[in-house]
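Novice: Start from chain V and add chain A according to the hints.
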Amino acid sequence: MADISKSIEKVDLYEKTSGEAKYVSDFSYDDMLYARTLRSTVAKAKIKGIRFPNLPEDVHIVDYKDIPGKNVVKIIFDDQEIFPTEVVTYIGQPILLVVGKNKELLEEIIHNTIVDYELMTPIFDWVSSAVHYHFQKGKPEEAFQKATKIIEYVYDTSYQEQAYIEPQGFIGTYEEGKVTLIGSIQCPYYVKNALLQALDSKGDEVRVIQATVGGAFGGKEEFPSLMACQLAVALKKIKKPIKMIYEREEDMISTTKRHPSKSKMSAAIGENGEILAIKSNIGIDGGANIGLSGVVLSRAMIATTGAYTIENIDSSGDVFLTNTVPNGAFRGFGAPQMLFAIDLFIEHIAKDLGIDPLEYRLKYLAKQGDPTSTNGLFRDPIIMPEMIKKALEISKFKEKAKIFSRPNVSKGIGMSWFLHGCGFTGSGESTHINALVKLHKTKEENVEILIAAVDMGQGVRTTMRKLVASLLEIPIEKVIYDLPDTDKVPDSGPTVASRTMMIVGGLVARCAKKMKDSWIPGEMLLEERYLQPSYIKWDEATMTGDAYPAYSWGVNVVEVSVDKTTYEVSVNEIWSVYDLGKAIDERIVIGQADGGIVQGVAYGYLEVMNHSNGKLLQKNFTDYIIPTSMDAPKMTTVIMDNPYPLGPYGAKGVGELTLVGGAPAVAKAIEMAIGKKVFSIPVTPEKIMELMKHE
Amino acid sequence: MVEQIIVKSVEEALSRLSERKYIIYAGGTDLIVQNRTVSEAPIPFKNPVLYCANLKELKYVKEGDDYLYIGAMTTLSELLTYESVPKLLKEAIEQMASPAIRNIATLAGNLGNASPAGDSLVPLYTLNALIKCQSVKASRLIPIQDFFVGLKKTALTDSEMITEIIIPKNRFKSTMYRKVGTRKADALSKVSFAGAYSIVHDKICDFRISIGAVNVTVVRRFDIEAKLIGKTIEQAQKMKNQIISLYLSSIKPINDQRSNIEYRTQVTKNLISAFMDTLD
Numbered sequence: 048m049a050d051i052s053k054s055i056e057k058v059d060l061y062e063k064t065s066g067e068a069k070y071v072s073d074f075s076y077d078d079m080l081y082a083r084t085l086r087s088t089v090a091k092a093k094i095k096g097i098r099f100p101n102l103p104e105d106v107h108i109v110d111y112k113d114i115p116g117k118n119v120v121k122i123i124f125d126d127q128e129i130f131p132t133e134v135v136t137y138i139g140q141p142i143l144l145v146v147g148k149n150k151e152l153l154e155e156i157i158h159n160t161i162v163d164y165e166l167m168t169p170i171f172d173w174v175s176s177a178v179h180y181h182f183q184k185g186k187p188e189e190a191f192q193k194a195t196k197i198i199e200y201v202y203d204t205s206y207q208e209q210a211y212i213e214p215q216g217f218i219g220t221y222e223e224g225k226v227t228l229i230g231s232i233q234c235p236y237y238v239k240n241a242l243l244q245a246l247d248s249k250g251d252e253v254r255v256i257q258a259t260v261g262g263a264f265g266g267k268e269e270f271p272s273l274m275a276c277q278l279a280v281a282l283k284k285i286k287k288p289i290k291m292i293y294e295r296e297e298d299m300i301s302t303t304k305r306h307p308s309k310s311k312m313s314a315a316i317g318e319n320g321e322i323l324a325i326k327s328n329i330g331i332d333g334g335a336n337i338g339l340s341g342v343v344l345s346r347a348m349i350a351t352t353g354a355y356t357i358e359n360i361d362s363s364g365d366v367f368l369t370n371t372v373p374n375g376a377f378r379g380f381g382a383p384q385m386l387f388a389i390d391l392f393i394e395h396i397a398k399d400l401g402i403d404p405l406e407y408r409l410k411y412l413a414k415q416g417d418p419t420s421t422n423g424l425f426r427d428p429i430i431m432p433e434m435i436k437k438a439l440e441i442s443k444f445k446e447k448a449k450i451f452s453r454p455n456v457s458k459g460i461g462m463s464w465f466l467h468g469c470g471f472t473g474s475g476e477s478t479h480i481n482a483l484v485k486l487h488k489t490k491e492e493n494v495e496i497l498i499a500a501v502d503m504g505q506g507v508r509t510t511m512r513k514l515v516a517s518l519l520e521i522p523i524e525k526v527i528y529d530l531p532d533t534d535k536v537p538d539s540g541p542t543v544a545s546r547t548m549m550i551v552g553g554l555v556a557r558c559a560k561k562m563k564d565s566w567i568p569g570e571m572l573l574e575e576r577y578l579q580p581s582y583i584k585w586d587e588a589t590m591t592g593d594a595y596p597a598y599s600w601g602v603n604v605v606e607v608s609v610d611k612t613t614y615e616v617s618v619n620e621i622w623s624v625y626d627l628g629k630a631i632d633e634r635i636v637i638g639q640a641d642g643g644i645v646q647g648v649a650y651g652y653l654e655v656m657n658h659s660n661g662k663l664l665q666k667n668f669t670d671y672i673i674p675t676s677m678d679a680p681k682m683t684t685v686i687m688d689n690p691y692p693l694g695p696y697g698a699k700g701v702g703e704l705t706l707v708g709g710a711p712a713v714a715k716a717i718e719m720a721i722g723k724k725v726f727s728i729p730v731t732p733e734k735i736m737e738l739m740k741h742e
Numbered sequence: 245m246v247e248q249i250i251v252k253s254v255e256e257a258l259s260r261l262s263e264r265k266y267i268i269y270a271g272g273t274d275l276i277v278q279n280r281t282v283s284e285a286p287i288p289f290k291n292p293v294l295y296c297a298n299l300k301e302l303k304y305v306k307e308g309d310d311y312l313y314i315g316a317m318t319t320l321s322e323l324l325t326y327e328s329v330p331k332l333l334k335e336a337i338e339q340m341a342s343p344a345i346r347n348i349a350t351l352a353g354n355l356g357n358a359s360p361a362g363d364s365l366v367p368l369y370t371l372n373a374l375i376k377c378q379s380v381k382a383s384r385l386i387p388i389q390d391f392f393v394g395l396k397k398t399a400l401t402d403s404e405m406i407t408e409i410i411i412p413k414n415r416f417k418s419t420m421y422r423k424v425g426t427r428k429a430d431a432l433s434k435v436s437f438a439g440a441y442s443i444v445h446d447k448i449c450d451f452r453i454s455i456g457a458v459n460v461t462v463v464r465r466f467d468i469e470a471k472l473i474g475k476t477i478e479q480a481q482k483m484k485n486q487i488i489s490l491y492l493s494s495i496k497p498i499n500d501q502r503s504n505i506e507y508r509t510q511v512t513k514n515l516i517s518a519f520m521d522t523l524d
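Chains as they are written, first to last, in my numbering: chain V, 48 to 742; chain A, 245 to 524.
No lab work stands behind these hints, which were simulated from the structure alone. No residue lacks a Cβ here, since even glycine has one placed at the ideal position from N, Cα and C. Some hints here could point you the wrong way.
As the list claims (entries may be wrong) - Output of the computed footprint for chain V on chain A, the stretches with three or more beta carbons under 8 Å from beta carbons of chain V:
| # | segment |
| --- | --- |
| 1 | 277-291 |
| 2 | 297-310 |
| 3 | 423-432 |
So that you can see chain V by itself, here it is in the shape it has in the complex (with noise of 0.2 Å):
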């Protein structure tokens, strides 16, 4: 059989370049009304009163009042109500819905729609813990008592927006007493179990169906859990068709996005310059709710030493509430920001010590057998070295950096070194989770994968058909795999973590294996259940133990040059050497590769958001600026075999991997271009300037 990785056609292409491929906006039923949203225009008040105007008849207000269940969004952490029933807490917050035919209409209703306000005091600065973690492994103390020097540094990253082309949106109907939404979503089943409580509903009434999905980059995780609450309380207040597909800007104003952090790093140091321990303590702004927030800063505070094993680590952290919009899931989940952190940090301590970064960071790269930031145990073979070899040689990262480290030199070439945890935190796979995957074979002898887990671009529909095409040794026309819907396909868990081949996959794959080994003629239906290796142990409560049952590895290297005139940077070039076990699709892959590289760099030195006074700045594309492709330079990536026994011919996860290590890269180079310390992302040419003035 041919080797797994050979790139096959993506067998959504032709839909999706033809335009034939249905996102949710191109649905449309017949009595069809549109919902549009009220929306708070302060950060944090006392709802007084609403003043509407003359309502025509058949225009519907939907608010708390309709909620027939709980009004909570069931999340993770079930603190964000579905429509306020007193209190906003962000400017941009849904306040209730108004539902008509005419879109127009709607607008001018909204327009002239006036909320009064017992204004109350916002908070923007960071002083409110909502949730507090702290871990140790070793004896931190000890080691700073024992420190001849300390270095300490603080690092802040900003927000971060996903910038899906397609922004959120449903369609829903309501039939029979039954519930019915297509959405653009990662995790059906997030929605559907987020209606049901909503909606006091049983299972066999609420029915998730996704759309096509165009782009989400974890935006499209927990958000639509909101959305889709608050259309499934009209359709069941108004029983007829409604469709709800958010704008541009309120898309960007409302929606989550990734959290901005402060990282204070320190280290002790030794008499000889060497790490004893580092302590890191990290800030990130939840905004107005904490949802996913508390997760997120576990995944943050796990990376504290990146692709690094240091002795004594001290990790501690915190979501602050803020009235700013929430924020929440986006490709990488926290570990961009720490990972950003701590590889500038080793870069800055070796040069504060006037020792070569690259001799000295080796000396702390992990390896297999060590021991993770948390105590686990790396068990599977670590192939960095060979990695790094590589990435130093197509780069030719030496010979630039003799070059470009010379004074008047205003190019830089910056390396990053990073791993990512595939999966869920901890033992989140098992007690969250605990994904049930279905094959089924029709009486046609086609095999249908029934799974939740949904293509948002990634190619997971071309990589699951061909991984169970390979192991049935089928024609890949004979796998079926339809865009998932609730009421046909198990709980698989959400599209989210680099999970899906995986773990997923890795159950795909084995209910495959079962489907061959007792292959009968005709239907055959064979399931498989998410079992939790015996050897992860994970302890929730101090955070100690195996946080992920496999990692993957990567090494950016990014080239720039910075103009000395306007202080703009130019991403010359960009390298990649990934360990993701196994491509199951090489051109797949390279596809995740280039976009998250792009992304991550972009998150380093371009894409800026700020809010006023919790109102964000950047509302469109003129003005959160992502890069075009005429940004995005030539870029090489190599995919190093290193294949992982749990997963599918060896795979781990690829999505975020490609995105953690591109802003510590392109700091670092910019750094080496300017030849000042960077602390903060996104380096943009106004923070350049400033440097670059300290002369």
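Specialist: What follows is chain A alone, placed relative to chain V:
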């Protein structure tokens, strides 16, 4: 919905304009964005619209002995195909927006929109462009610096439309165009710069600087330029700091969601300095 008319000739356009106020729609790449509304709904223009993009009689580039004549509905992409279009203008156009927008957008539209960050305006200032504004009754030629009368305000009256842009032919020794937009395409300028000079018998005989996005209109200071005329390069270099500070007194950059005053000021300084360093 407002009245929307696709005009068939310049004559028809002018005659309609003499009757009432219209929005003149060329490529529409600014108008559509500015008048955007929710999806699946028509664009809510506040005034009747005259669609002029199809006026073939206004799609041309003609070269005379002393001037270049650009028809108002010539698209930016089309302009790039003419050898006679000055390099300074081409450099600006090549960095404007994206290919799709350049395929439909026009110079006249960029002028009519009158954004202080309009990228084609800056080289047109440096090139001493003249704007031909025509009505049923008359036609006026307005020097570009008089065409813009304030923030997003032009000298164009409701009964007029821009029919032509006229650029005097010039042979500069050297020109410099820079757009500072942070990313390489589809960016609004934080600062833009167009400089040109000529030298005869070792003395500067022509020196021009236009700076965009740092005031309500493009900054062009004939009085500062005059100070350098007749000077040698060495003399000019010595005056660099003085020249820079004179320019700084006429810029009023702002803090906004794209950049800040300090950056726009510093980059303006650097660009003038870099341009003067090219004197040779």
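Novice: Looking back at the numbered hints, which does the structure fail to meet, lowest number first?
Specialist: 2
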